[in-house]
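Q: Knowing the structure of chain F, use the given hints to seat chain E on it.
In order, the protein sequence lines correspond to chains F and E. Heads up: the first sequence at position 167 corresponds to 167 in this note's numbering, and the numbers run straight through without jumps. Heads up: the second sequence at position 276 corresponds to 276 in this note's numbering, and the numbers run straight through without jumps.
If you are wondering where the hints come from, they were derived from the structure by calculation, not from laboratory data. Be a bit skeptical, because a hint or two may be false.
Some, not all, of what chain F presents toward chain E, calculated at C-beta under 10 Å [unchecked claim]:
{"hint": "1", "residue": "15"}
{"hint": "2", "residue": "22"}
{"hint": "3", "residue": "88"}
{"hint": "4", "residue": "180"}
{"hint": "5", "residue": "229"}
{"hint": "6", "residue": "244"}
Some, not all, of what chain E presents toward chain F, calculated at C-beta under 10 Å [claimed, not checked]:
{"hint": "7", "residue": "85"}
{"hint": "8", "residue": "88"}
{"hint": "9", "residue": "208"}
{"hint": "10", "residue": "261"}
Every value quoted in this text rests on a predicted model; they were computed, and no experiment measured them. Each residue gets a CB set at the ideal place from its N, CA and C atoms; glycine is no exception.
There are 2 protein chains.
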Amino acid sequence: MTIDATGSTVTDEAVRSLDTTADPRLRELLTGLVRHLHAYVRETGLTQREWKRAIGFLTATGQACTDTRQEFVMLSDVLGVSMLVEEVNSPDDPAATASTVLGPFHVTESPVRAPDATIDLAGGGEPCVVDLRVRSADGTPLPGATVDVWQADGNGFYDVQRPDAQPPGNGRGLFTADAEGRVRFRSCVPSAYPIPTDGPVGVLLRAAGRHPYRPAHIHFVVSAKGHVPLTTHLFVAGGDYLDSDAVFAVRPSLVREFVRTEDPALARTFGLTGAFRLTRFDLVLERT
Amino acid sequence: MTIDATGSTVTDEAVRSLDTTADPRLRELLTGLVRHLHAYVRETGLTQREWKRAIGFLTATGQACTDTRQEFVMLSDVLGVSMLVEEVNSPDDPAATASTVLGPFHVTESPVRAPDATIDLAGGGEPCVVDLRVRSADGTPLPGATVDVWQADGNGFYDVQRPDAQPPGNGRGLFTADAEGRVRFRSCVPSAYPIPTDGPVGVLLRAAGRHPYRPAHIHFVVSAKGHVPLTTHLFVAGGDYLDSDAVFAVRPSLVREFVRTEDPALARTFGLTGAFRLTRFDLVLERT
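Chain F on its own, in the form it takes in the complex:
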């Protein structure tokens, strides 16, 4: 068996076939794709049996996708590709909040919520208050900014994963920043959780001897006029897996304490009694 296929002209032929691509950026993306795929096949000496297994894996990954499950996003996540895409596109301005992966659970529209509302519709977790300030990198507050929030519950599941146990929209909310750029809401402290492992990505993780856990976090997508949209997480300090996130999304600058608080006035504002946890996080956007 040869491995290098030295005399092969198919790479040049495949690249040349893309010369007629009308959109120059698409031509660049497709040409780069062909070059890397071909280099990979040559370097590894990929066998027909391995190729068939890869075709089967990709097919199963596509077929595992539903309206509420995105297995290809998970595959991109566990290979570090999603995080790298975020880093390649991350803000230049060091004052801006670091971005991180979108993840596979941004699959339904978040319900619009009033200021100080709760997104914990099911109860049961440890209550917390999240106090956010949205501002521009120069410090200016951004009133009217929208903050799309989603998180797993205290048991580590998103609403779409447990439609029997959680009402739709549990752990989700679309908030608008007030005149000071502030968004506050009540929730429960999220817990670490495994990404779903009953599909092809689970097969891959097991073959690689990797665990499927993500450290506890809350997702945000923040949008404000004149600013680059921000996709990020707030991670819960002190939790497990902060140093071995299955999707490589942790950045130290995104980790915050959830502080035990006994503030009766604040508790009343959020319909709470007794102690709760409080966390503060600034969402700082770069100007376009």
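A: Here is chain E on its own, set in the frame of chain F:
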């Protein structure tokens, strides 16, 4: 926006996460995959919007697959990857028949056929006789070799694409070579045809300004004891698209004349009357 993500450590983290892969070959394949995917994202400065479009495309490709349609094989084919995999694994021995792509239509089991049988169950095309000799690279005939055959009809469709117009198994047959290594069968002259363009691969071809046609051909998978299995095509000389096959599978050594013949004795053997076309092709296998 930065493009190079110079400070990013996610590539190293993702590669390191594969260190625990038990199977060393799988570790090599996954590590190479991560390195190439990450290099691609860095080189192109892939945006989040482009990443989402790619995720959507891969998902749709998986979901277009059915028991009788393999859209991921077609994607691999039109990017030249399938042909390169064949070339990387092609026989060292220049006396052996060149291999070419499997294609996406080897999706049902070929019916076992007797010597000199017809695989044209529907009729209608131009009748032809295919006369094959299976031998080892040193010239020894290979009696008992199996030859799996499949082809499109005279209108350019496989049985599985037109279940209303073709009986199952039309254009397919599993033959066993006789004492002289010979396999003969009756068929119709295949025609050039477009690969299916009503799915994601069609979207890709249109965006790239490429035609979807394949030159007329007959597929073979040949297996014989002590020899490397051979996947190849016989291409019909003089047809269209021999120089622009949508899947880059043509090799000059695989093109044969289909000669107009008026041989009453041979015609009778195959239940034909009048003129027909005759083609001869040697299937030469390399020893393992």
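Q: Does each hint hold? Answer for all of them.
A: Here's how the hints hold up against the structure:
{"no.": "1", "hint": "15", "verdict": "8 Å, holds"}
{"no.": "2", "hint": "22", "verdict": "6 Å, holds"}
{"no.": "3", "hint": "88", "verdict": "5 Å, holds"}
{"no.": "4", "hint": "180", "verdict": "29 Å, violated"}
{"no.": "5", "hint": "229", "verdict": "9 Å, holds"}
{"no.": "6", "hint": "244", "verdict": "8 Å, holds"}
{"no.": "7", "hint": "85", "verdict": "5 Å, holds"}
{"no.": "8", "hint": "88", "verdict": "5 Å, holds"}
{"no.": "9", "hint": "208", "verdict": "5 Å, holds"}
{"no.": "10", "hint": "261", "verdict": "35 Å, violated"}
In summary, the structure is inconsistent with hints 4 and 10 from the numbered list given earlier, while agreeing with the others.
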